[in-house]
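Trainee: Sequence lines, in order, name chains H and R.
Okay, so the first sequence: first residue is 4 according to this note's numbering, each after it adds one.
Okay, so the second sequence: first residue is 6 according to this note's numbering, each after it adds one.
Be aware that one or more of the hints could be misleading.
As the list claims (entries may be wrong) - Residues on chain H that point at chain R, a partial pick, calculated with CB under 7 Å:
1. E238
2. Y325
3. K434
4. I435
5. L439
Just so you know, these hints were derived from the structure itself, not from any lab.
We treat Cβ as the ideally placed atom computed from N, Cα and C, and that holds for glycine.
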Amino acid sequence: MELEKLSIREIHRGLTKKEFSALELTERFLDIIGRKDKELSAYLAVSADSAVFQAKKVDEMISRNQEIPLLAGVPMAIKDNILAKDAKTTCASKILERYIAPYDATAVKKIKDRGAVILGRTNLDEFAMGASTENSAFFTTKNPADLTRVPGGSSGGPAAAVAAGMAVCALGSDTGGSIRQPASFCGVVGLKPTYGAVSRYGLVAYASSLDQIGPIAKTVEDAEITFNAIKGKDEMDMTSVELNFKSQIPSPKSRQVEDPRSQSGQIPNPKSQIKNLTIGVPKEYFVKGIDGDVEKTIRNAIRKIEELGAKIIEINLPHAEYALPAYYLIATSEASANLARYDGIRYGLSEQKKNLLEVYLESRAKGFGAEVKRRIMLGTYALSAGYYDAYYLKAQKARTLLKKDFDDAFLKVDAIFTPVSPTPAFKIGEKITDPLSMYLTDIFTVSVNLVGLPAVSVPVGFGGKLPIGLQIIGRPFEENKILGMAKIYE
Amino acid sequence: MIKKEEVKHIAKLARLGICAKEQEKFQGDLSSILDYFESLNKAKTEGIEPTFHPTERFLERDARKMREDKERASAPELAEKLIEAAPEKEKRHIKARAIF
Numbered sequence: 004m005e006l007e008k009l010s011i012r013e014i015h016r017g018l019t020k021k022e023f024s025a026l027e028l029t030e031r032f033l034d035i036i037g038r039k040d041k042e043l044s045a046y047l048a049v050s051a052d053s054a055v056f057q058a059k060k061v062d063e064m065i066s067r068n069q070e071i072p073l074l075a076g077v078p079m080a081i082k083d084n085i086l087a088k089d090a091k092t093t094c095a096s097k098i099l100e101r102y103i104a105p106y107d108a109t110a111v112k113k114i115k116d117r118g119a120v121i122l123g124r125t126n127l128d129e130f131a132m133g134a135s136t137e138n139s140a141f142f143t144t145k146n147p148a149d150l151t152r153v154p155g156g157s158s159g160g161p162a163a164a165v166a167a168g169m170a171v172c173a174l175g176s177d178t179g180g181s182i183r184q185p186a187s188f189c190g191v192v193g194l195k196p197t198y199g200a201v202s203r204y205g206l207v208a209y210a211s212s213l214d215q216i217g218p219i220a221k222t223v224e225d226a227e228i229t230f231n232a233i234k235g236k237d238e239m240d241m242t243s244v245e246l247n248f249k250s251q252i253p254s255p256k257s258r259q260v261e262d263p264r265s266q267s268g269q270i271p272n273p274k275s276q277i278k279n280l281t282i283g284v285p286k287e288y289f290v291k292g293i294d295g296d297v298e299k300t301i302r303n304a305i306r307k308i309e310e311l312g313a314k315i316i317e318i319n320l321p322h323a324e325y326a327l328p329a330y331y332l333i334a335t336s337e338a339s340a341n342l343a344r345y346d347g348i349r350y351g352l353s354e355q356k357k358n359l360l361e362v363y364l365e366s367r368a369k370g371f372g373a374e375v376k377r378r379i380m381l382g383t384y385a386l387s388a389g390y391y392d393a394y395y396l397k398a399q400k401a402r403t404l405l406k407k408d409f410d411d412a413f414l415k416v417d418a419i420f421t422p423v424s425p426t427p428a429f430k431i432g433e434k435i436t437d438p439l440s441m442y443l444t445d446i447f448t449v450s451v452n453l454v455g456l457p458a459v460s461v462p463v464g465f466g467g468k469l470p471i472g473l474q475i476i477g478r479p480f481e482e483n484k485i486l487g488m489a490k491i492y493e
Numbered sequence: 006m007i008k009k010e011e012v013k014h015i016a017k018l019a020r021l022g023i024c025a026k027e028q029e030k031f032q033g034d035l036s037s038i039l040d041y042f043e044s045l046n047k048a049k050t051e052g053i054e055p056t057f058h059p060t061e062r063f064l065e066r067d068a069r070k071m072r073e074d075k076e077r078a079s080a081p082e083l084a085e086k087l088i089e090a091a092p093e094k095e096k097r098h099i100k101a102r103a104i105f
């Protein structure tokens, strides 16, 4: 049996029917990592001992005929900016190279409580700042579909691990596209939840009003199961909420599809519900500069849902062009404040100098890589006297305009379909010397974070051998609806 | 083009030590990125309120409720681990250079 190809439900069935043990499953994944990861470099650290220990615990439960949760025994990877107690959490940065997490992130605690097996920590752009993993202080992860290309970023390690069968699924984080773009580049499913759906407690902060933890998985259902396990209100994150969108957001239309959630968390027969849907396609997202294969593949995907009976309408998001500059001003401003904590005094790398200012300057000079420094500089500039109104405040006002664009669109449509990225995976080295060209790859993903919406990236085709993902954007807290739509592409 | 003096000033505000080569590199990078940001000037934002946080959009009721201010149990070893993480310490104190 090809254990590495099983979905979470198949694993659950196999374990409970004793077709294989959790230990066998974990050992298979550790073996694949041992063989493949030399080439791919998806993992920063593999925790074989604790993975085996956890797998044996699940096997004991099964041998005692105890009921086990869906995630029990499921081998998972964690992006290395999400804390797991007593494991190193480096954020792919020199400044945290030796940092040991003193507690679990809430999302990690939730998957641990459900018996998931954590295989290890996966690579990212330093502090999740980047679109390729080339900003990792340690190494660049390769795209499993083409080793000369990037896996995307910043969650490139988790996406490559899942795509290569080195984890069943993974936890990533998404601040401006960091789950969706690598999922698209590697041909896997990535969900960026509604802001507040998943607790950020224990996620190393980059831009706090944009960051969200979410799943990366081989199938939509696996992403859904993982999301359902990690979501929910957490008293350690006051911006987190219980997902109960019906009571919070009145549906703008009466003919909205019936609530697709059922007890099992599965969507019963999504295809029968498609014909009630209206899908918006923003013309601002199909502009010059978009790769021909990407445009063709996304148009085909839109045609597919139309053939199943959904109504397709062209919509306007008139302020779309402001999303990227607004995002980079807001994200870097928040980053410049969040990363002030790396001071060489409380934890992390410290240069012992004779006065306090030199400790700051030198610890940060040695600890941070070029892109992190660039973003701290940009954010500091945007917040500094004389520029605050022109840059930071202006960007937050543009955010209001973007929010209105989406509010208006969602009066007419149930979901918005766009490409995830203007191109498939690019070559390693192609954009790393030109920061602005790297930023431009985020053009279709950043609005979702600014407005706080949920969006899923689902593979819908290829350009040559390179996977291409469709982005489905939903109303706040309608994760289940967009996941239901994503299922028609499997 | 932003001036080299400005780059130095921002680095100082950000408490980032940067060498001469980095100053030059950041001068070019920041200038081209800030030029690109200029496109935001076209946005008509007169009379538009800023949105500082996405929860302003849909979390009117429970979300912004503060946690009750009471002592909560935490793992007994947590405090020790937090202190342990400090680069320089003496007993249970974290050491820093004098500021005066």
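Trainee: Each hint needs a verdict: does it hold in this structure or not?
Mentor: Outcome of the hint check:
Hint status for E238/H: holds, given a least beta-carbon distance of 5 Å to chain R, under 7 Å. Using the Cβ-Cβ criterion of 7 Å, the hint placing Y325/H at the interface with chain R is satisfied: the shortest such distance is roughly 5 Å. At about 13 Å, the closest approach between the beta carbon of K434/H and any beta carbon in chain R exceeds 7 Å, and the interface hint on this residue is violated. Because the smallest distance between the Cβ of I435/H and any Cβ of chain R comes to about 12 Å, over 7 Å, the interface hint for this residue is violated.
Below 7 Å, beta-carbon pairs count as interface contacts, and L439/H has one with chain R at about 6 Å; its hint therefore holds.
Against the hints set out earlier in the document, violations occur for numbers 3, 4.
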